[in-house]
Structure formats: structure tokens, C-alpha cells
Amino acid sequence: MSQGRSPILELNQITKAFGGVEALRGVDFALHAGEIHGLVGENGAGKSTLMKIIAGVHPEFSGRFMLDGKETRFRSTRDAHAAGIGMVHQELSVAPDLTVAENVFLGNQPTNRLGLVQWRRMAREAREQLSRFGIDVDPMTRLGDLPIGLQQLIEIARVLFSGARIIILDEPTSALSPPEVERLFATLRKLREEGTSIVFISHFIEDILRVSDTVTVFRNGRKVAETAAADTTKIALIEAMIGRGGEALEHSYTEDRMLQPSSDASVVLKADQLSLGRNLQDVSFEARAGEVLGIYGFMGCGQLELSRILFGKLKPDGGTLAVDGSAKRFRSTADARRAGVALVPESRRAMLFHQEPVYKNISISILDRISTLLLKPAREREIAMRQVEQLQIRPPVVGLDLGMLSGGNQQKVALAKWLTYPPRLLVLCEPTRGMDVGAKNDVINIVRDLRAKGLAIIVLSTEPETVLSLADRILVLKRGAVVREFVGEAVSKDRLLEAA
Amino acid sequence: MASSDGATTPVDHKRPRGLGSFVRSQMRNIAPFLTLIFLSAFFAISSPSFATLDNLGNILTQVSVTGVIAVGLTFVILCAEIDLSIASIANVTGIAVAFFTLQDSYVNIANLPMPGWAAILMALALCALLGLVNALGLTMIGIPSFIMTLAMMQIAAGVSALLVRGQIAYKIPPLITTLGSGSIGGIPWIVIVAAVMLLGGHLVLTYTRFGRYVYMVGGNREAAEFSGLNVKLILGSVMVISAVCSGIGGMLGVAHFGSAQQNEFDTYLLDSIAAVVVGGTSLFGGRGGIGNTIVGLFVLGVLNNGLDHVNIDSFLKILIRGVILLAALIINVYAQRLRERTAD
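Chains as they are written, first to last, in our numbering: chain A, 1 to 500; chain B, 501 to 844.
Read the hints as simulated data drawn from the structure, not as lab findings. All values reported here derive from a predicted model rather than from experimental measurement. Among the hints, erroneous ones may be present.
[Said to hold, decoys possible] So these bits of chain B aren't anywhere near chain A, every CB distance computed over 12 Å: (1) Thr678; (2) Tyr707; (3) Asn720; (4) Asn730; (5) His809; (6) Ala827.
[As the list claims (entries may be wrong)] DEER-style ranges, computed between Cβ atoms: (7) Leu116/A / Leu650/B: 27 to 35 Å; (8) Val523/B / Asn112/A: 42 to 50 Å; (9) Gln109/A / Leu783/B: 55 to 63 Å; (10) Leu650/B / Ala95/A: 21 to 29 Å.
Beta carbons: idealized from backbone N, C-alpha and C, even for Gly.
Input sequences plus hints: build the corresponding full structure.
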């Protein structure tokens, strides 16, 4: 709609590397006044990096940065802020211990002549701004006491009404309910009419298509397409994102994969109507022996919370869990472990003891099986050595501090700790994230072996490749609810993305 | 006593690495030991009365009560928590054991006399109960240990005040009198009790499953939880252990001082924390042990005792102790950083 005029923001040949890895390679990007510009791409495609450059978060990069036709360099987010650029980051960045009003006016509270904060004025103006956005809360409430979705809305409101003329929203809708998304879009359209430019990053392609004027697609640090939103479709965008018919590596995943028909093996875990605040709503499923259940969804879809509930670290607000047919109410992770549930979380740092030797990392979860009172270090080392050999952990030295192993080998140790006395149900979060191809294949093979031994396995991931390469049956989770189940049918990466 | 193993901790292992990185990773164990050798040499040269067998006996006796209290505190600090109520709990337990013992008629306390064994059991039950309150506040309600035990410090002082009402009690059960102020074959019983408790603490931390859990919870609490450990149970247990050790230290202390009264353990809070930290146990949890605590006790004991042997302004002594503690804290934090860098 605004192609005729010159852009207010224009970037040419932007390249940015993090420690030798190029996150952006020669990207051009232009933003016009009164335009909503949607950005799509897979995790790590470079969308967020480009936006952080615009918002002054990454001051180091090569390429030309033009604002209002003049070459500019921001040295900090402060510079960007002063130039009228505001950004809502993917991770919530609010001050939970301050009031709603203080958060809305963070950094520029209204003060009187003495420099004292005018609380009453601040509260009144905060209430006015938020009600324009359809939010009705007491501005003097502590922000941390509000639900996450509402906190996110307030953070968005802060940036939307800060007077910025360029607003960047990174994944703003992941924790919002449908009516809240509607309100957000109505506000964005109103701001556009007033001449504000908006960049909108989202995994939800329908959202992008509904609200954007222009859509840009990123893949592997490059811009691969730019089109008017009216001239494209969800399918076309997904194909551009994952590069159908493109690189050979991607090829195998874009082909259809035939899933198993539903299994009649015994049900190990039955989850019924699990709910947790705004994160999960009535999630029900079954995991069967000798089967890998994949749960796919975008970041913030409720996977992490679901895995924590299965392992007793979070208590659900509602719903029930049953292991092998008997109802369970876990009060601690120790309860879950005793019931035969094991979890490997997405972060190795959260799972492993970096300053302790490998054998202590492997034995920690089974110490009560091999000793009652006194430790048996020789037996611990022997058990650890067996796992190291089976999983081909390198180097094969069980006395070495864990921190000296590579990431892939650490991930294997995280698996190894559960395998000496196999659990009934193994829950894996992002089991192959950030691993090289070799380590990835090793982990995939280990999981397949475990399935053959009759374990029930649940794999939760935001990477379609991981779910596709491991799962026999796939659930798609979207904004805390199960929206699709793939069973006994052909599935491919683009179909998964389309469902989510 | 078990001082010879002072420089090693149960978590050390041979690593295929150079001497430089070995020294860096062992900084927290080496530095306190060097400090001890340096202080001992300094006082031995400065004063002829310092390096004598008699004086070694003095030092051992002087650190014994601190040593008993420091056993439990080592467990707490290994879990990356803190217990500020140790001195108050020691005080109230010492007072309680006197409260349940028949006092001479001139002591004006409305007490409840009972047999010696029962008085000791009542006192132990009291300190265990106070430790349990600490444990529940920390794990069930989620009050940070620093604040929870600060409140307990006041509560225990309040119970002490109510029990003695400004009076001084002298009579305690004979068993406690013997252990606190008697000696056998020239060796004070109190030194033997301290040595046995330190050894016991060392064995529990090094050779039992519970000891391993303490180190793992201190090393990475989140990972311990994700490994299916009952982290709250372990944290609660160390708070109770700390309170019971403090209580035993308090009973022995009352026998050692010869009286039970309000505020007589006040200096033991700082001394016990200093002994554990000066010894090199990490304030961030997971590193160190009773071996370190023993070295720390000796550093403190040699320093306090040695300053009495050299001609020094007695008001300056307080400042010197403060400076030494600060130096130990700097080494503690620095050693943690060195070790993290080596482990990467």
C-alpha cells in the first residue's frame, strides 16, 4: 500500500555473526510509514537478530542502516528509543514487583517540580491507556500477581502507547487468548492509520496474513521472499520458509512420513483434562508401551509446562494423571520418579552437575536402588561405565568432570542417568536441540532402542524435524490446547506447521 | 584428631590435567591450609609460649564448642543455605538442660527438675523442634533461610529469656558436666566429643547416600530436582541437623563455662560461620566439607589464641579478626570463579 513513498527505515546488506556463526547474511529490509510488516521463518532463521539490530540491542554488524534517509548507527537500545523505535521482546521483560502503573511508565514516570513521582496522575493515565486497549485492571496492582497473558498485554501496551513511530513485536501472541489477539490487531490497525510502522514477527502464519500489509520470509539468515500479504497463502509461505525442493538436507523432512496406526499396547500414562492457568487447557492423551508420542508446537504453546506436570515439578490446576492404570498425584519430582516417570528437560544445565564427575551424574537418580545407607562407589562406576559404553559417550572416562564433555555427550549422560533401571515413561524435551548431525543421529538411535525395549516415550519439541524423525503418533499443541492428532496417516513438515 | 585430612575433601578426584589447573581447582583447599601454616609459624616465632604442647591443648579446648556447632553448619552451607540461629539455639538448649535440673535454692527459677537423662532428652527435643520450625519455614512456606533463621535467632533468645528470667543457673546433669569440663588421661572430654562429631559429620558427608544428596543439592539444586531427588526433604534435614549440633554445642558450652545464662553464646555465631567459610567450603554450595571446616577451626583458634600471646592492643584484635574473615571471603569467591573457569 505504501510502496510508492520512500521507506522510513532501510537496511542494506546487513551481515551479523555470533562467534563465527553467521546469523544474517547480506539482508536487505525496508519499512514504510503506516505499514504492518510481517516476518516469518523457522527458529534461528535470523528474524529476531535483524529486529534486535534495529532496536539497538546488537550495535555490532556490517551493512548500511538508513533512518529517514540518513545513515545512522545506534550504540544502544537507548539511542534506538530516542529515535522513536520500541520493541516488545519474545521473552517477557517486565518488572513483576512493581505496580501495573509503574510498568506502563517504566523509565518515564510523571514527576512534579520537586522530582517526586505523581502517583495519582500516573495511575490515572495508566488506566486510560490500558482501557484504550481493552484492559481493565487496577493500576496499583503488583504486576507479578496478574496472569502471564495479561502481563504480556501490558508490556505490549507500554510499547504501543510510548509514542514510538516504529514498533517491533517479536512473537507477541503466543500467550494471548483469541479475544486478546483480536484486541491487539484492532489496536495495531488503528496505529497504522495514525502513521505508525509496525514489524510483526510470529510463528502463527494466519495471524501474519490477517494483519500484515507485506510479508518477508527468512531462511538460514537470508531473506528468501518478500510479497504483499494479499498475494500469498499460508502454504506458499511455509514452502518458502522450509525451502521445498531446496537444499538436500531439508529434503527428507519435506517428504511425507507414514505414521503408525494406533497401537493396542498397554496404556502406561493417561493424562485427562490437564489444565494449568492460561498455559494448558483440558489436555488429554495416552502414552502406550513401545510407542513414541511426539508433541509438537511453537514456543510458548504449553509444552514445557506439560512436561513439568508429568514429572511432578508443577501441580496442575485441574485434571488427572494415571500411571499403569492407577491415579497419581505427584507432590514432588521424587514421587514421579518412584512412580516410574523420568524427564530429560530441554536445558542440560538444569539437568546435570557440571562440576561433578560423569559417574555421579549417571548414578544420582538410582542411588536408592544401589545403596540403602552407605554409598558403593565401585558399583556406581561400574554402572556408569556400562552406560558410557552402550551410549558411546566420549571420552569414555567416568571420573572426568561432566563440564569437560561436549554438548552432545552431555546430552547422552542426561539420558544415561535414567537407563540403568528403565522408567515406565520417559519424557524428553527438545532431545536434539543444538546438536551436530552425528550426535543427533546417536540420540535418535538411542530413543528407538528404548522404544523397542517397551518404554513409553513422549518427545516434546518445537522443531518439526525432531518430532518427525522420532514419533509414531503426533499431537499438535497450540496455545495450550491439543488442536490436531496425526495417527496412521502421512505427515510432513509443512503439514505439521500448517496444523500448529 | 582428624586434622591430618584437613586439606582434602570428599569430592576430589585425580584428573588428567596439568599442575597449574590442579592448583587452580584446589585453590579453596590449599589457601586455608597455607594461611594456617603461616599464622602458626608467625606466632611460634613471635612468642616462645605459643608453640608448646600445653598451648596446643588450650587451642583445642577453645575451638571445641565452635567445632561442634560448625559440624551442622557445614551441612547447611554445603546446601547453599545459611543458619543464623545456631548461637541462639545453642544458648536456649544449654539453658533448657539447666532448667530441667534441680537448682540450688538461692537460684530463683521456677524450673521443672527431672532426672539427668530426661533433662538431656528434653533439651535435645527442644533444639530439634526449633530446627524443624526452621526447616518448615524454609521448605513449606518458602522463607529464605537467611530471614527464617534470623527470626529463629530472636525466637530462641526469647525462649531463653523466659526460662531464666535474668537469673543464672549453675546445676546441670552430671553427664554434661563431665563431657563439658572433665578430662580423661589428660585429654579434655570436650575435645574428644568435638573430634567424634567432626569425624561423624565427615563420614556421613563422604560415605552415605544422604551425604551425596547434600553435595548434589548444593551443586545444582535444579538438577537435583530434575533428577527426582526430594530436595525439600534434604534441605529440611540439614536445618534440623544444624539445630541439633548447635544444641549439643550449647549443652557442652554451659558445662565448660560453669553457668547457664542469657547471651553467653553471642560470639559463637560469627565464629562458627567464619570457621566453615575460612576453611574453604563454598558459600555457593556443593564444594568443601568437614575437612575444610577443621582447617578453618584451627585458623580461627590459632589466631584468637596467638593474639593473646603477642603484645597487641586487645581492642585491635577484633579488627584483625574482621580483616582475616574478609580475606577468607575474598578467597572463597575467587576460588569458586577459578574452579568454574577450569571446569568449562
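Any hints from earlier that this structure breaks? Give me their numbers in increasing order, please. Violated hints: 2, 3, 4, 8, 9; rest satisfied.
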